[in-house]
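**Q** What follows is each chain in one-letter form.
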Amino acid sequence: MLRPLYHLMRADFLERVRRVSFLITLGLSVYLAYLFVPPNHTSYATLEMANHRGIYNSAWIGMLVALMTGQFISFAGFYLVKNAIRRDRDTGVGQIIAATPTTRFQYAAGKWLSNLMVLATMVGVMAISAIVMQLVRGEDSHIDLLVLLAPFLFFALPVMALTAAVAVLFETVPFLTGGLGNVIYFFLWMAGISGEMFVAFDLFGIKSATPSMLRACETAFPDYHAAEDKFSMGFTILGDGKTWSLSTFHWNGLDWTTAIILNRLLLIGLALGITAIASRLFDRFDQSREQTTGRRQRNGAEQMTDARPRMWIWLGVSRLGGLAWLRRIFGPIVTAEVRLMFKGVSRWWYMVAAGLFIAEIASPLKVGREILLPIAWLWPVLLWSSMGIRETSSGTDQLIFSSPRSLHRQFPALWIAGIIVSLLTGGGILVRLAIVGAWSPLLAIAIGAAFIPSLALCLGVWSGTGKLFEVLYVLLWYVGLINHVPALDYAGTTSAAAQAGAHWTFLTTTVVLLTTAYVGRRRQMQQ
Amino acid sequence: MQLEIDAVSKEYRGNVRALRDFCLTLRPGVLGLLGPNGAGKSTLMRILATVTKPSSGTVRWNGTDIVHAPDALRADLGYLPQDFGVYPNLTASEFLEYLAAIRGVDGATAKRRIGELLDLVGLTTWRDRPLGKYSGGMKQRVGIAQALLNNPKLLIVDEPTVGLDPEERVRFRNLLADLSGERIVILSTHIVSDVEASATEIAIMSGGRLLIHAAPEELLRAVEGKVWEWIIASTSLPAVKAQYLISGTIRRTDGVHVRIVSAVSPGSEAQPSSPTLEDAYLHFIAGSRNANEQTTAA
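In order, the protein sequence lines correspond to chains A and B. The opening position of the first sequence corresponds to residue 1 in the working numbering, with each subsequent residue numbered one higher. The opening position of the second sequence corresponds to residue 1 in the working numbering, with each subsequent residue numbered one higher.
The hints are simulated quantities; they were obtained by calculation from the structure and are not laboratory data. Model, not experiment: these values are computed from the prediction. Think of the CB as a built atom: it goes at the ideal place given N, C-alpha and C, for glycine as much as any other residue. Watch out, some of these pointers could steer you wrong.
Below, a sample of chain B positions facing chain A; criterion: calculated Cβ distance under 7 angstroms [said to hold, decoys possible]:
hint	residue
1	TYR12
2	THR50
3	THR52
4	ARG74
5	LEU77
6	TYR79
7	PRO81
8	ASP83
9	ASN89
10	LEU90
11	TYR98
12	ALA101
13	ILE102
14	GLY115
15	GLU116
16	LEU118
Please work from the sequences and hints to get the whole structure.
**A** Quick look at the structure:
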């Protein structure tokens, strides 16, 4: 039982950590740890209580970095490790494994352990970086290793165990294996962070850790009342060039009670339970159980060869038909790229998109801009995320890259196809703005429509996967379009964004992204 | 030691029937499984390797139904799939160590066996090099080594010589011949010459059905007196191709030397020739195709 488990974990772990990308990940982990411990008088704070924070001793730094690590690595780490089973499927190693006596639970548990090892390595690097940061900040030079490392062990690692298990689960549930799963996890993680789903469960350890910290703050600053005053964790940024001036107090660490330890063990138990469920759902690489995807691909192929494709043009007038209108405007290459982009998309997708388009035209401008447009520009995220990677993932790269003037014909066509997707989904609001003659917000949305495919193309070409776009875009979407942070509002959904000049920033960014994507594609073609 | 395949059918969604009532009983020796692309060979291989379950029918390994108790076979099984990959950042030793462990081979035996197998496939000097730096042929040799890790009683190899250069192909054929003995080897391929070199029995399948299962000699006997060599003008070639089953053509200065499989002599100048397995294979496949066409027409 244990030997196969160990080797399953070891082989997968070695395969991952020997990649250059893993070294880059570790480098980023060090940088994150550096960011988590900001000096005083800087523009952001990571843990503050109404302008107070603990002195950077081992207890405070250990807790701060461990809690932040739990939150950040449970997000980024998920996407990093959610490929263990897929790699076996893609390489064909899975078929060999399927023909061995290894049980489904052994396999799932091996992958869970491998995921956990990768995430634990990152946590370990963060912990070492935290020690270094205590010395760098120099507020307290006495290093108490046990006190500093305990939060990593009891708070961060159990979260990693859960993240590792959820990654295995997402790889075994067919509809969660791809881009949809990536998007769904983002919302799950957001729910976890906001605590809404885990009111009775201390997921990251924040509920266990903060009462003691707040009490220490109250003791040091009697005017601070934990129940009423502010407590914030995360990157709290002051705008307009302002800097934080935090007064400090002593906090000597958490009393690790049995209740806290049991809570964390429960999390590991939950992780094991999820792994067990994943093992039950795991198809053991039986290709005959993957027919849904195959059928979808076949349907897509049929659409490609059908003289009258079944795709709907949901402008409500006619079907996409022979795409003659598109061909007349953009030529055959753009038409082909648009077709490819919509390949395999279900009718439900078109119906929802059509509904959104009509609602954008029919509803009040404010609702259209602030609510409907954000939804409409999340809807095609999986279409955009295929940009720049389709050629390599489908193995047609050599055919496409060897065609005449591919870089100057197919590449721009691909980008235009991405813009068409933006316009087909968010176009209703553009029509509405044009009718009322609101040219400034119309310009901001038009820039947003070009920005999204530029981002997708750039990330796709350079990373070779759609995952990076899916994660970063949804994050940007959440901050910019849902929370309306003006500087990141790439669609100019509020007047604050226009006042902040966000659309000009995004226009410049679009040009930079497109140029970077162009350079990346040229590099791909020369390899 | 016996593998019984009894009335096995496999239907994929969308009414795609990959296998139809397939029956075969195997005992120690090398079975060459021949058939055109899409004949259902790989589906059958995956079912025998316990990767896929049949829609109906049973497969028994030494009397145990492996559809319901796959572990009865897995401990005795070596499998080289058609589309086989590797972990590019692991060395050959590490990769084989990993697969030995999940096959249940103990550490000491695995270490010894990996050394022997790397030697057997000629990769000893490359054993500590990452697999990502191997050529296609070298990766295929690693695949062959992994299939032999547990000294399997049933060895299933699906299109194993794809990607091998002529020298490697000969080496593999010899290896396969050496491996036969007290084990069942199933070699699935559409390259008849691979089977010719090592198979003790041959099964030909088409359209998901078993057309014939016989010793190579029996197959050859079936086309005895039906193979002809005929020298014709190149202008006559299209007409001859339309009329007869051609198993080979060679252009020479005196015309085109055509090899024909036909029950009757195609022409007065045609000379009878000794049949090969390729002739027999084409004969059975063409027979199956004609039967299907007649059924469709009826």
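**Q** The structure should be examined with respect to each hint, and the outcome stated for every one.
**A** Against the structure, the hints come out as follows:
Hint status for TYR12(B): holds, given a least beta-carbon distance of 6 angstroms to chain A, under 7 angstroms. Look at THR50(B): its Cβ gets to within about 6 angstroms of chain A, closer than 7 angstroms, so that hint holds up. Taking 7 angstroms as the C-beta cut-off, the interface hint given for THR52(B) holds, the closest approach to chain A being about 5 angstroms. For ARG74(B), the shortest C-beta to C-beta distance to chain A is roughly 4 angstroms, which falls under 7 angstroms, so the interface hint holds.
Here the hint on LEU77(B) is kept, as its CB sits about 6 angstroms from the closest CB of chain A, short of 7 angstroms. Because the beta carbon of TYR79(B) sits about 4 angstroms from the nearest beta carbon in chain A, less than 7 angstroms, this interface hint is met. Because the smallest distance between the Cβ of PRO81(B) and any Cβ of chain A comes to about 4 angstroms, under 7 angstroms, the interface hint for this residue holds. Proximity of ASP83(B) to chain A holds as hinted, the smallest CB-CB distance being about 5 angstroms (cut-off 7 angstroms).
Against a cut-off of 7 angstroms between C-beta atoms, the interface hint on ASN89(B) holds, since the closest Cβ of chain A lies about 4 angstroms away. The beta carbon of LEU90(B) is positioned within 7 angstroms of a beta carbon in chain A (closest approach about 6 angstroms), and the interface hint is therefore held. With its C-beta approaching chain A no nearer than about 4 angstroms, TYR98(B) sits inside the 7 angstroms limit, and its interface hint holds. Hint status for ALA101(B): holds, given a least beta-carbon distance of 3 angstroms to chain A, under 7 angstroms.
Taken as an interface hint, ILE102(B) checks out: its beta carbon lies about 4 angstroms from the nearest beta carbon of chain A, inside 7 angstroms. Annotation: GLY115(B) was flagged as interfacial toward chain A, and the flag is violated, the nearest CB pair being 17 angstroms apart, outside 7 angstroms. Because the smallest distance between the Cβ of GLU116(B) and any Cβ of chain A comes to about 19 angstroms, over 7 angstroms, the interface hint for this residue is violated. With a least beta-carbon distance of about 17 angstroms to chain A, the hint placing LEU118(B) at the interface is violated under the 7 angstroms criterion.
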